[in-house]
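Protein sequence lines correspond, in order, to chains A and B.
To convert, note that position 264 of the first sequence is 264 in the UniProt record's numbering; the numbers rise steadily by one, no gaps.
To convert, note that position 240 of the second sequence is 240 in the UniProt record's numbering; the numbers rise steadily by one, no gaps.
None of these hints come from the bench; they were simulated from the model.
Errors might be hidden in some of the hints.
As the list claims (entries may be wrong) - Computed footprint of chain A on chain B; a stretch qualifies when at least three of its residues, placed anywhere within it, have a C-beta under 8 Å from a C-beta of chain A:
| id | segment |
| --- | --- |
| 1 | 177-188 |
| 2 | 193-201 |
Claimed, not checked - Straight-line Cα separation of at most 35 Å, DSBU-like style, residue types lysine-lysine; simulated pairs:
| id | chain 1 | residue 1 | chain 2 | residue 2 |
| --- | --- | --- | --- | --- |
| 3 | A | Lys104 | A | Lys26 |
| 4 | B | Lys106 | A | Lys26 |
| 5 | A | Lys135 | B | Lys287 |
| 6 | B | Lys287 | A | Lys117 |
| 7 | B | Lys106 | A | Lys39 |
Cβ atoms here follow ideal geometry from the backbone N, Cα and C, with glycine treated the same way.
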Amino acid sequence: MSTTTAAPQVKETTKAVDFKTIIDIKDMDLYYGTYHALKKVNLTIPEKAVTAFIGPSGCGKSTLLRTLNRMNDMIPNTRIEGLVDIAGTDIYSNEVDVETLRKKVGMVFQQANPFPKSIYDNVAYGPRLHGTTNKAQLDEIVEQSLKQAALWNEVKDFLKRSAFSLSGGQQQRLCIARALAVNPEILLMDEATSALDPISTLKIEELTQELKSKYTIVMVTHNMHQAARISDQTVFFLNGEVVEFDQTDKLFSNPSDKRTEDYITGRFG
Amino acid sequence: MNNLFQDANRQQISGRRRNDLIWRILFLGATMFGIVALSALIITIITDGIARLNPDLFTNYPSRRASASGMKSAIVGSLYMLCLMAPISFVLGVGAAIYLEEYAPKNRFTRLIQLNISTLAGVPSIVYGILGLAIFVRTFGLERSLLSGALTMTLLVLPIIIVASQEAIRAVPRARRDASFALGATKWQTVSRSVLPSAISAIMTGVILALSRAIGETAPLIIIGAATYVAFLPESLFDTFTVMPIQIYNWIARPQEAFQDLAASGIIVLMIMLVIMNVAAIMLRNKYQKNI
Ligand SMILES: Nc1ncnc2c1ncn2[C@@H]1O[C@H](COP(=O)(O)OP(=O)(O)O)[C@@H](O)[C@H]1O
Ligand SMILES: [Mg+2]
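Excised from the complex, chain A in its bound form (with noise of 0.2 Å):
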């Protein structure tokens, strides 16, 4: 990205609405063996709002987004301290089974990864863990889903065509619908549109602003413009710390952190 320093334009629809909070995250720290990588995180996340992460790469943005489905379970020697809330339960205590969790907050990733089956199997594969096994109950949910990922028209006719015969971008939206299928809660992207071309970002992009009617949205991204463009809620974070998070206007026009103002125009990262 060119080190312009413009500060990125905000849209103009944000609203100072107040959100409900959904994700509650109170002194929390992570660390990968003994490195530090998440201090002191203090956080909260509004409900039916995007939210995005932005900072340098490195900084800790994806590390954050995978302890709210605790993904990072499956790196060995992870550890977690402090308090991770979702919807007003400890998502580490003891009573939380980790596939309801991941049922309710489902994830985009950067790289799109459909299964090598067919569209329609790919966006069943998640109903089918969770027991639905009737058809007509099946073709009901991947329509609805590929629906509301805006990938209904393009693919109704070849439901039974691989996966890997979509475009880069169709992928993405995909995989959207397949996380949207098991009727989640919350849904977090990571760089979700970064190996995509601009059109197909663009078609992402627009697609938050329609989901977050019904999810929650927390979206990782590189770039300050995506975040300015199409966020509720910005959160910088620098060298694994939440530096500020604020509404999205606010903290692009009008940042309380000098490292915040730094980074968002141009100066750094």
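Please arrange chain B with the ligands on chain A, whose structure you already have, making use of the hints.
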């Protein structure tokens, strides 16, 4: 414009070209050596064996007279062996591979097992014969039966199948597991619905190649006492049996030329069987590459 191509150092370039040609000839020679030797072998066997390659070979039992001899009991014995070995070694081999790749803790003990398996894959086959003799024939009292033979051969192919299956499982991209876990799948759901479907063609390729090795093996079966002269078909798992390579070995050991020709036709049958298995393996591999 034309100067650009003219002032290169012509002498140096022609030197490099000559060098290139020499290497090319050397490599071609190395390849030809193998091809010529193999062709000579195949041609001799076919010219010797083609005359006896008739239905009698498949329908007659071995006999003292070469003209009346066939390898019915050996062909059926080999097929029975294959049918016993394939499911046992598939289940045990793939099961072990799944455990080692997906479930086993990554500690020193696992690494030790891993090292042992890789080493076992290279142990001479006769050693498995000795093992089979001690375990199945003597300890379990299975005698020189079809079952003893199949279990011994299973031991022989297991390390190969485990290693091949592990490689196939490891080749499944991480992203495909993550996608499954992120949808709320358990470990077993992820393995059975995402990992294995992606790896199964490569696993099958490994299994078929391992089985085709076993089909051509003689030494371990001779050790455990497979009979060389069997004039009936095994009717139960506990009957004595023979297999194609043993029958061939038996014929070759005879002084009469008629038996030598019979052996050659037996070799043709065995080779055709191995070619079929290898073609199946290649077809599976091609299918797999399309899916990646
Ligand atoms: N699996 C891991 N094991 C050890 N260190 C890791 C692992 N994943 C990430 N890290 C380290 O944690 C830090 C934060 O990484 P990450 O969350 O991926 O950053 P970002 O997404 O902001 O680029 C980096 O320094 C990275 O090297
Ligand atoms: Mg990242």
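Here is what the structure says about each hint:
{"no.": "1", "hint": "177-188", "in the structure": "holds (count 9)"}
{"no.": "2", "hint": "193-201", "in the structure": "holds (count 4)"}
{"no.": "3", "hint": "A:Lys104 / A:Lys26", "in the structure": "holds (21 Å)"}
{"no.": "4", "hint": "B:Lys106 / A:Lys26", "in the structure": "holds (33 Å)"}
{"no.": "5", "hint": "A:Lys135 / B:Lys287", "in the structure": "holds (28 Å)"}
{"no.": "6", "hint": "B:Lys287 / A:Lys117", "in the structure": "holds (14 Å)"}
{"no.": "7", "hint": "B:Lys106 / A:Lys39", "in the structure": "holds (29 Å)"}
Of the numbered hints stated above, none is contradicted by the structure.
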